[in-house]
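Quick mapping for you: the protein sequence lines, in order, are chains A and B.
Residues 1 to 489 (UniProt numbering) make up the first sequence, in order.
Residues 1 to 489 (UniProt numbering) make up the second sequence, in order.
Careful, some of the hints might be misleading.
[As the list claims (entries may be wrong)] Here are some chain A residues the structure puts well away from chain B; computed CB gaps all over 10 Å:
#1 91
#2 126
#3 177
#4 299
#5 310
#6 328
#7 344
#8 422
#9 437
#10 469
[Stated by the list, open to error] The calculated lysine to any residue pairs, modelled on SDA-like cross-linking and capped at a C-alpha distance of 20 Å, are:
#11 A:12 to A:44
#12 A:334 to B:345
#13 A:295 to A:471
#14 A:343 to B:458
#15 A:334 to B:453
#16 B:343 to A:307
#17 A:295 to A:460
#18 B:343 to A:334
#19 B:343 to A:453
#20 A:343 to B:256
#21 B:8 to B:18
#22 B:355 to B:339
#23 A:355 to B:322
#24 A:343 to A:323
#25 B:343 to A:455
#26 A:343 to B:456
#27 B:334 to A:311
#28 A:343 to B:342
#29 B:343 to A:323
#30 B:343 to A:156
#31 B:334 to A:458
#32 B:355 to A:254
#33 A:343 to B:307
#34 B:334 to A:453
#35 A:343 to B:345
#36 B:334 to A:389
#37 B:8 to B:193
#38 B:343 to A:458
#39 A:343 to B:457
#40 A:334 to B:22
The set of hints was computed from the structure by calculation and includes no laboratory data.
What you are looking at is a predicted structure, and each value in this text was computed from that prediction instead of being measured.
Think of the CB as a built atom: it goes at the ideal place given N, C-alpha and C, for glycine as much as any other residue.
2 protein chains.
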Amino acid sequence: MDLDFDTKVFDKEYIAVADRQEPIVRGGRHLFDRLPAAFDGVRQLGVIGWGPQGSAQAQNLRDSLGDAVRVVVGLRRNSTSWDTAVQAGFTPEDGTLGEMFDVIRGSDMVILLISDGAMAETYREVFAALRPGTTLGLSHGFLLGHLDLVGDEFPADIDVIAVCPKGMGASVRALYLQGRDVNGAGINASFAVHQDVTGRAVDRALGWSVGLGAPYTFRTTLRSEYLSDLSGERGILAGGLHGIVESLYRRFRDQGMSDEDAFRHSAESVTGPISRVISRDGMLGVYRMLNSDEKQVFAEAYSVSYPVGLELMHEIYDEVRSGDEVRSVVLAGKRLARFPMGKIDQADMWRVGQKVRADRVPDEIPLDPFTAGVFIGVMMAQIDALLEFGHPYSEIANESVIEAVDSLNPYMHARGIAYLVDNCSITARLGARKWAPRFDYALTQRAYPVVDDEQSVDIEIFGGFENHVVHEVLRVCAGMRPSVDIFVE
Amino acid sequence: MDLDFDTKVFDKEYIAVADRQEPIVRGGRHLFDRLPAAFDGVRQLGVIGWGPQGSAQAQNLRDSLGDAVRVVVGLRRNSTSWDTAVQAGFTPEDGTLGEMFDVIRGSDMVILLISDGAMAETYREVFAALRPGTTLGLSHGFLLGHLDLVGDEFPADIDVIAVCPKGMGASVRALYLQGRDVNGAGINASFAVHQDVTGRAVDRALGWSVGLGAPYTFRTTLRSEYLSDLSGERGILAGGLHGIVESLYRRFRDQGMSDEDAFRHSAESVTGPISRVISRDGMLGVYRMLNSDEKQVFAEAYSVSYPVGLELMHEIYDEVRSGDEVRSVVLAGKRLARFPMGKIDQADMWRVGQKVRADRVPDEIPLDPFTAGVFIGVMMAQIDALLEFGHPYSEIANESVIEAVDSLNPYMHARGIAYLVDNCSITARLGARKWAPRFDYALTQRAYPVVDDEQSVDIEIFGGFENHVVHEVLRVCAGMRPSVDIFVE
């Protein structure tokens with residue numbers, strides 16, 4: 001796909017890695033004075049929905065845009081989020097909170113951040129309420145996947161763009177607030193221009209992304225976005241992570257560790273030191289800080305986990321690309337009234353985790369080399385699968401690594417697995433519930449038994465690790481933002 | 001759906017339970033002399049494929065039909081099964097073994113028993129090779145599901161029928177052989193008539209089923225069959241069973257049992273005494289043989305497992321009905337060359353199982369009341385889901401209970417989980433791999449934590465058990481066949 005673009009408002013640069021050049025735009029608060037130009041022609045910007053993304057984006061955009069554009073939140077009249085939106089300063093009295101279809105009809109640009117299930121159910125009414133020439137904004141490509149499935153299309157007389165922060169809503173807001181002190185702190189985002197009837201779609205998208213606080217913004221397509229986004233959250237970002245740490249916890253206990261130590265060497269190790277080192281020094285950084293015995297353990301764990309991860313990532317990608325996963329989410333949405341989503345953190349492991357977090361001494365969390373090998377092995381499998389399927393470097397690095405270590409894992413580190421998974425979109429929550437057990441079983445049935453019989457580990461698999469192109473991609477991406485730790489209470 | 005039918009060759013009876021009457025035909029070797037009339041107009045019967053069903057059905061039909069109809073096996077020229085078919089007495093020399101398309105072209109009736117994946121890939125060539133007026137036989141409705149997906153249809157000038165044994169191929173053959181000594185021993189089957197251009201479709205289907213040794217044959221439709229068949233094998237028959245025993249094994253170990261005792265109280269208990277009692281005295285029989293403390297444990301385990309099972313069965317049914325599951329199987333088939341299906345019995349639990357089986361004292365296998373409550377709770381959830389979706393009683397009883405206790409579980413009891421799962425169709429093998437971990441996680445995360453906090457068990461859920469209509473259905477079905485134990489080496 002051709003990812004180049006022209007912007008009249010911002011400064012385009014290129015990320016050059018290996019054989020590719022990918023155009024991007026850096027963000028920062030010093031660019032906020034360009035936002036009026038980017039949003040030229042937009043008097044009212046409607047943000048529809050008050051989930052994790054909706055609440056974060058509405059507040060960030062209001063704070064960034066100031067008086068230039070009126071940011072109005074639209075909700076269903078009986079929405080349970082109405083009061084929290086009021087508490088955040090959006091009120092019917094000053095015209096910044098209203099019924100969703102009223103807001104849609106009155107906005108020049110509409111950012112639609114309702115749940116995917118609600119999107120599938122109400123998109124026809126939403127389309128009908130959009131005036132010709134409106135810019136419709138999405139924060140991921142799910143709706144396109146759904147339209148493909150049902151054989152429908154976007155109205156021809158509107159812009160369709162997307163800005164997709166590569167992190168959960170909570171961190172989109174938290175890092176934006178940190179950006180007051182550290183210019184450029186934020187969550188990277190991709191953008192897509194699917195239809196451009198106004199001729200202003202690119203700059204509106206870039207303005208939206210800069211306004212959210214994205215350190216840098218790269219281009220993708222709606223389809224490439226939802227393929228990588230749904231696959232990534234089913235993979236290492238949520239489903240894979242959950243299955244990995246459950247399988248490791250059990251393994252360490254079976255090897256004789258106490259419950260608490262098993263939790264420290266599995267979940268704590270991933271969300272603490274492993275994620276922190278990856279964020280700072282990449283995956284290679286983790287490997288390089290191990291001693292030679294630990295390097296051997298890492299390499300073996302990597303070599304048995306990578307193939308299992310690769311197979312599952314191919315299955316996940318096939319399921320997403322075929323439409324199965326989108327259809328599955330829509331069907332699940334219809335069952336939720338009768339079968340509400342269950343809790344995932346009631347089993348013993350996560351009760352142990354609560355205790356471990358309460359007693360935590362941060363410097364004493366082990367960086368377990370076996371755990372690191374499994375986690376990074378599955379992470380690299382996801383990277384290789386997305387490379388094989390033709391995704392741009394930036395998308396791969398953000399969907400497989402940066403979003404994990406800079407947005408999601410710190411939340412799990414602070415609050416546990418349910419806090420990570422259940423602060424994501426319903427689509428991600430369902431996907432994580434579906435795929436976590438698959439990763440767990442596959443590792444337990446097919447990876448760990450091989451490493452326990454040392455002779456049979458195919459260590460050649462690890463040979464691809466050290467010289468992998470993704471390390472350079474991560475280094476370049478890391479250079480795009482200041483180094484800040486995510487603040488999680 | 002109207003399930004009544006007319007037969008000129010066999011004797012129709014009605015199963016009457018509660019408010020319904022379902023027509024059926026009893027089988028038995030004393031009816032083999034009617035097979036020539038049932039197959040009137042069929043000189044050559046081609047059986048295509050030599051998987052578990054193909055090999056069992058070809059041999060049973062050859063043995064039952066004698067000289068009346070020539071049974072010819074058709075395989076791809078380079079099939080690895082060629083030699084085993086020869087060993088079973090099908091040879092190119094006497095014209096009973098040939099290249100599959102030659103056999104299809106030369107047959108008046110063609111029973112297509114190749115894998116579902118192969119069916120999806122080659123059905124166009126198969127259709128092209130069928131002469132007008134041929135009777136095409138299937139052993140389940142998968143192909144209809146696939147045709148629906150790709151928007152294709154069966155040729156209009158052929159019969160399309162199905163006979164679907166409610167048991168794995170190995171037991172279709174084993175019980176047929178037992179039928180020499182005990183008339184009527186066999187595996188029940190459903191039949192469907194999807195197209196009838198010859199006017200002989202019903203009797204050909206019934207003749208086929210009687211020739212396989214089915215104790216009784218009930219009618220369904222191709223669509224109802226594949227919906228219940230795919231759902232059942234993903235549910236209690238294979239996927240659910242696997243997830244249930246894994247979760248229970250872990251639970252019992254965590255409660256302090258030795259590995260061996262944990263295996264005895266989980267897997268051994270289900271595949272041994274629980275299945276045997278259900279086979280003889282139904283699910284009620286299990287409950288009634290418990291003492292009052294055990295009854296309480298059973299009721300609590302049932303009450304927490306049933307809701308989790310019901311939710312998963314609704315999800316499974318939605319996935320099957322929407323086409324997701326069929327598409328998923330076709331996609332998985334395409335990945336198998338690169339990612340062969342992995343082993344499911346390498347983890348510690350199944351190594352323990354081998355030891356336990358080797359040391360087994362059959363009379364000392366515990367009938368664990370908690371295990372029984374979980375297994376029967378999920379089984380009843382499957383029954384209630386299939387009832388809600390409108391399936392006939394016979395189909396529900398066979399797909400949820402009889403196939404489990406009379407065909408599948410005895411194989412697992414003899415040889416372990418992989419022997420059960422991996423002797424099923426590829427569709428079932430993939431489905432079991434996909435859904436077993438879901439049952440495991442759902443029970444571990446949401447059922448067992450509730451029972452561990454006694455106050456919160458909603459024991460009302462158990463209230464529906466004792467007077468459930470399915471108990472009478474099972475009693476009537478059990479009366480259709482002699483009582484024989486399945487012989488498994």
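* Would you mind confirming whether the straight-line C-alpha gap from residue 355 (chain B) to residue 339 (chain B) stays at or under 20 Å? => The hint is violated at about 30 Å.
* Asked: Closest CB-CB distance from residue 299 (chain A) to chain B, is it above 10 Å?
  -> holds (21 Å)
* Hint consistency between residue 343 (chain B) and residue 334 (chain A) [alpha-carbon to alpha-carbon, up to 20 Å] -> violated (35 Å)
* Asked: Hey, residue 334 (chain B) versus residue 453 (chain A), does the alpha-carbon distance stay inside 20 Å?
  -> violated (30 Å)
* Asked: Regarding the pair residue 334 (chain B) and residue 311 (chain A), is the alpha-carbon distance no greater than 20 Å?
  -> Cα-Cα ~12 Å, so holds.
* Regarding the pair residue 334 (chain B) and residue 389 (chain A), is the alpha-carbon distance no greater than 20 Å? -> holds (16 Å)
* Does the claim that residue 422 (chain A) lies off the interface hold, with its Cβ farther than 10 Å from every Cβ of chain B? -> Its Cβ never comes within 10 Å of chain B, the nearest being 13 Å, so this holds.
* With a cut-off of 20 Å on the C-alpha distance, tell me whether residue 334 (chain A) and residue 345 (chain B) pass. => violated (36 Å)
* Keeping to a limit of 20 Å between CA atoms, is the pair of residue 343 (chain B) and residue 453 (chain A) held or broken? -> holds (15 Å)
* Straight-line Cα separation of residue 343 (chain A) and residue 256 (chain B) no greater than 20 Å? -> Violated. Residue 343 (chain A) to residue 256 (chain B) sits at ~26 Å, over the 20 Å cutoff.
* To do: For the pair supplied as a hint, residue 343 (chain A) and residue 345 (chain B), confirm whether the alpha-carbon distance does not exceed 20 Å.
  => Not satisfied, since the Cα-Cα distance of roughly 29 Å exceeds 20 Å.
* Taking only the CA atoms, is the gap from residue 343 (chain A) to residue 307 (chain B) under or equal to 20 Å? -> The given pair, whose Cα atoms are some 14 Å apart, holds under the 20 Å limit.
This entry does not satisfy hints 5, 6, 7, 9, 11, 12, 15, 18, 20, 21, 22, 23, 24, 28, 29, 30, 31, 34, 35, 40, going by the numbered hints stated previously.
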